[in-house]
Amino acid sequence: MTPVKDIATVAEAYDLIVVGAGPAGLSAGVRAAELGLSVLLADENPTPGGQIYRAITTTPVTDRSILGEDYWRGSGIVARFEKSAATYAPGCTVWSIGPDEATPGSFELGLSLGGKARMISAAQVILATGAQERPFPIPGWTLPGVMTAGAAQIALKGSGIVPSGRTVIAGCGPLLYLLASQLAAAGTEIVAVLDTTPRSNWSKALAALPDFLRSPYLAKGLKLMAATRGKLRFLTGVTGLAAQGEKQLGGIRVERGSRVETIPCDALLLHQGVLPSVNFSNAAGCEHYFDEEQHAWLPRLDEWYASSVAGIAIAGDGAGIGGAESAALRGEIAAFGAAFRLGKLGESQRDAQAAPVRAELSRRLRGRRFLDLIYKPAPQFLAPPQDETIICRCEEVTAGQVRDAAARLGVTGPNQMKAFLRCGMGPCQGRLCGPTVVELIAQTRGVSPAETGYYRLRPPVKPVTLAELAALPATEAAVKAVVR
Amino acid sequence: MRTGRDSADVVVIGGGIHGCSTALHCALRGLSVILIEKDHAGRHASGVNAGGVRQLARHVAEIPLSNASMAIWHDIANLVDDDCGFSSDGQVLVAENEADLAQCRARVEDLNLRGFHHEEMIDAKELREIVPAVSEDCPGGVISRRDGAAIPLRATQAFKLKAQRIGVDVREGVRVTKIEHDGANWRVVTDAGECLAPRIVNAAGAWGGRIAADLGEPVPLEAVAPMLSITAPLPAFIKPVVILRGRKLSFKQFGNGTVLIGGGYLGRALPDENRTILDWSKLASNLKTVWELFPIMRGASIVRAWAGIEGRIADELPVFGRSAKHEGVYHQFGFSLHGFQLGPGAGAVMAEIIATGRSNVPIDGLGIERFAGSH
Amino acid sequence: MFRPMRERAAAAALNFTFDGRPMTGRAGDTVAASLLANGIVACRETPVSDTPRAPYCLMGVCFDCLVVIDGIGNRQGCLVPLSEGMRIETQHGRRQFGEALS
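Chains as they are written, first to last, in the working numbering: chain A, 337 to 820; chain B, 3 to 377; chain C, 11 to 112.
Please keep in mind that the hints were generated in silico from the structure rather than gathered at the bench.
It is possible that part of the hints are untrue.
A few chain A positions that, by computed beta-carbon distances, are all more than 12 Å from chain B [claimed, not checked]: (1) Ser401; (2) Arg409; (3) Val414; (4) Gly446; (5) Ala453; (6) Ala541; (7) Phe570; (8) Glu661; (9) Glu683; (10) Asp740; (11) Asn751; (12) Thr780; (13) Arg794; (14) Ala807.
The calculated lysine to aspartate or glutamate pairs, modelled on EDC-like cross-linking and capped at a C-alpha distance of 20 Å, are [to be verified]: (15) Lys164(B) / Asp740(A); (16) Lys241(B) / Glu131(B); (17) Lys241(B) / Glu138(B); (18) Lys583(A) / Glu732(A); (19) Lys583(A) / Asp60(C); (20) Lys341(A) / Glu94(C); (21) Lys680(A) / Glu370(A); (22) Lys583(A) / Glu55(C).
From the three backbone atoms N, C-alpha and C, an ideal C-beta is built for every residue, glycine too.
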């Protein structure tokens, strides 16, 4: 299968457009193509794999023991996708989705590839845009030298590069240990791993412990922790962090209760879990709700991952954090759903074929609840207590400014906040500030994040150049359409 | 749980800039006011428009209200304790060719005859001094020097907050379901209780037509969704707001460098769902105009696009003034994509009419009675 | 800031410039990764306060990796593959107008 290089060669319409070439998208694309749908899979990265299987077809890290077998499992999915009849458009950003006015019930998606934009029609859409790291706003997190743990993984997988100086990894969650072991194996000088897991989470997590003990995570987790803890300096019970430096990172100030120390370092990698990427599903008009246990906004979905907008399904970590293998299984189920809605298979066929996939999915998800509960970040890492901490990186708005707007001006949610502050109006469209703004308003007003609500997003979900939009070709349908 | 009065001197329906301004000005005159808004103040057209504070190119019937409003804009911080992000660098209407320019000239002459001097002709040389980035082909235009722009959501919220501070009972998230006569009063029934007042103001924007219809005075109003888009920050290259005569365009660069592009291209409005749907092919036409007129913008990136829900009346003029049928009912809606600048002044004039029975500011041609005969 | 790990597969070397300085990168790397591998600390200054920033997430979410590539600004360096002869520049504050006007 040849990847699309010129957007002019993409068809005007498809049965199914899948957005995202991670495990969910690839798997949905394969299954849908097998069921006879015409499929376009568009992804903004140059090669397939999403984040978890980033660079799986091109990685220069040839020693398989460094990235681990879980990573290499991804080559199977990619290989199946490459053999499928789906059309693959890499380096293609999908920036909008809306009703196709010429074909009621269908969708019109805005795509950009190679500096050119086009509107493409789809009868069904599966959003597989995955997850992003939960924002981790600490004082100084905008300094050059501070990055996410995911960024270090991407640098390693994609380019075989590691931080060159003294590196500190901080936060909580299983990825912390995985990254520490991968980077250490690749020769990084890790001077400390700082664990911010709140000690109080253990009692809440105990209820979910039996499931966790039966899950695949336990074995993996124990192995990873054993690999890292013995060799690296590990500090637990971290209650406060601040990155220090003038124009770039010079050190990290660590508080563990009343104990304070500063660790000089050149690179700081932050991680406190991942959240579903909701920008696209939000802009598409799908309903979301705030899930207390995952402490995240999730799309409202049925058992086929169909959202509240008929014809749009959401698969993978974008549906709720479940990990790579779950993502692939959800992608398949979403594909079955889409195929059924298009009449490509009957209801009992659909249910029968999906049954074993569901069983495997349920096994894979066992133990997630324990991880969600134990790794829920402490309040001070969700909403920084220091007023001067920047919480909107794009527009440089501070935590103090948000708290002030909530308290003094009576702002009840992030959308009203836009009357006074520019949070959410920068290019990232709230990806790095939204959860923090919600948390700050909620904490200040003494209400839940669910009551506070989230940004009301609109397309374009990624910037499009004026040149591309001005040159947008009229679709045949638009030309024939009656002038409104 | 509502705690507040059950009655007031005035009930204002709608928390856009018009409703909030009228509520504030009524309260400044000593009247007790309840303001009812179904979402939050500035949720719709008032909060998401281009922010143009414009006298330029207005219909003659609106100019007196516009003059009253402009005086307030230039001293807005004294009224609402917030500068609302208002800046005044003028607004320029660019003529794209000689025919355009001739029409501009005719218009300015007509205004002058009527005693209005806020619009002035500018030649090609002055045009390029004021708007250096404009295409070389443009032969001149019209400028309204006291015009400018403000931040719409902030301005609307500022009016609301000031109104609250001086005692207006603002009820957000409350929807009016019915209006009934009750002796000398009007009973305004909502989904959170009812209130009584001898005077009510229908400032319900795109939903104002329904209220008017329920009161037996339908008007030809359509809910429309004018689209806007905004760029990532660019180096400062233009100070005044620019509009075109021939084609639809409005164009404004903020202090932070972002450029706001509008012009009244319509998406689709779904007023019952508080939702709008963007029309990308129309936005493409909008942006193509920018491409042609401002070559310097060709490398810009659009980071956001949106559309508000606005009420447009068939003759492109608002309904403003007393009801034609009912004592104690006043209408202030249907501003047809150009109501933002009028808000502050219209509220002052409406409050004057309510409190004293009349206003010195002429509002001929804007009354709801112009639609009375057509049913 | 970053350096190659001990053993990694070879790939074609690509020549590019950053703020006029000649550098080499690796075929298959993104612009952002190439800058990090060449020890670049900051790739832009913010439009709000001219504060130096560097890539933060490397996955297209943070928009801190914005650079000017071949005269066009506001490019997310983490999403653009490096190519031979690319001219990459620090994005100073607001995006400049660039050369591509046609």
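Verification of the supplied hints:
1. Look at serine 401(A): its CB is around 42 Å from the nearest CB on chain B, clear of 12 Å, so calling it non-interface holds up.
2. Distance check on arginine 409(A): its Cβ is at least 37 Å (rounded) from any Cβ of chain B, clearing the 12 Å threshold; non-interface status holds.
3. Its beta-carbon lying about 31 Å from the closest one in chain B, valine 414(A) satisfies the requirement of being farther than 12 Å from that chain.
4. A cut-off of 12 Å between C-beta atoms contradicts the statement that glycine 446(A) is not in contact with chain B; the least separation is 6 Å.
5. At the 12 Å boundary, the C-beta of alanine 453(A) falls inside the reach of chain B, the nearest C-beta of that chain being 9 Å off.
6. Non-interface call for alanine 541(A) relative to chain B: holds, since the shortest CB-CB distance, roughly 37 Å, exceeds 12 Å.
7. Consistency note on phenylalanine 570(A): stated as away from chain B, and its beta-carbon is indeed over 12 Å from all of that chain's, at 42 Å minimum.
8. Look at glutamate 661(A): its CB is around 36 Å from the nearest CB on chain B, clear of 12 Å, so calling it non-interface holds up.
9. With a minimum CB-CB distance of about 30 Å to chain B, glutamate 683(A) clears the 12 Å threshold, and the non-interface call stands.
10. No Cβ of chain B comes within 12 Å of the Cβ of aspartate 740(A); the nearest lies about 14 Å off, and the non-interface call holds.
11. With a minimum CB-CB distance of about 8 Å to chain B, asparagine 751(A) fails to clear the 12 Å threshold, and the non-interface call is violated.
12. Every CB of chain B is more than 12 Å from the CB of threonine 780(A) (nearest about 18 Å), matching its label as outside the interface.
13. Arginine 794(A), annotated as away from the interface, has a beta carbon of chain B within 12 Å; the closest lies near 5 Å.
14. A cut-off of 12 Å between C-beta atoms contradicts the statement that alanine 807(A) is not in contact with chain B; the least separation is 8 Å.
15. Simply put, lysine 164(B) and aspartate 740(A) have alpha-carbon atoms about 18 Å apart, close enough for the 20 Å limit, and the pair holds.
16. Of the supplied pair hints, the one linking lysine 241(B) and glutamate 131(B) holds, its CA atoms being roughly 11 Å apart against a limit of 20 Å.
17. Distance hint between lysine 241(B) and glutamate 138(B) is fulfilled; the C-alpha atoms sit about 18 Å from each other, no more than 20 Å.
18. Distance check on the hinted pair: lysine 583(A) and glutamate 732(A) sit about 16 Å apart at the alpha-carbon level, within 20 Å; holds.
19. Using a Cα cut-off of 20 Å, the hinted pair lysine 583(A) and aspartate 60(C) holds, with the two alpha carbons roughly 11 Å apart.
20. Proximity of lysine 341(A) to glutamate 94(C) is assessed by CA-CA distance (about 18 Å); at most 20 Å being required, the pair is judged to hold.
21. With a C-alpha separation of about 11 Å, the suggested pair lysine 680(A) and glutamate 370(A) falls inside the 20 Å cut-off, and the hint holds.
22. At most 20 Å may separate the alpha-carbon atoms for a hinted pair to count; lysine 583(A) and glutamate 55(C) meet this at roughly 11 Å.
When each numbered hint is compared with the structure, violations occur for hints 4, 5, 11, 13 and 14.
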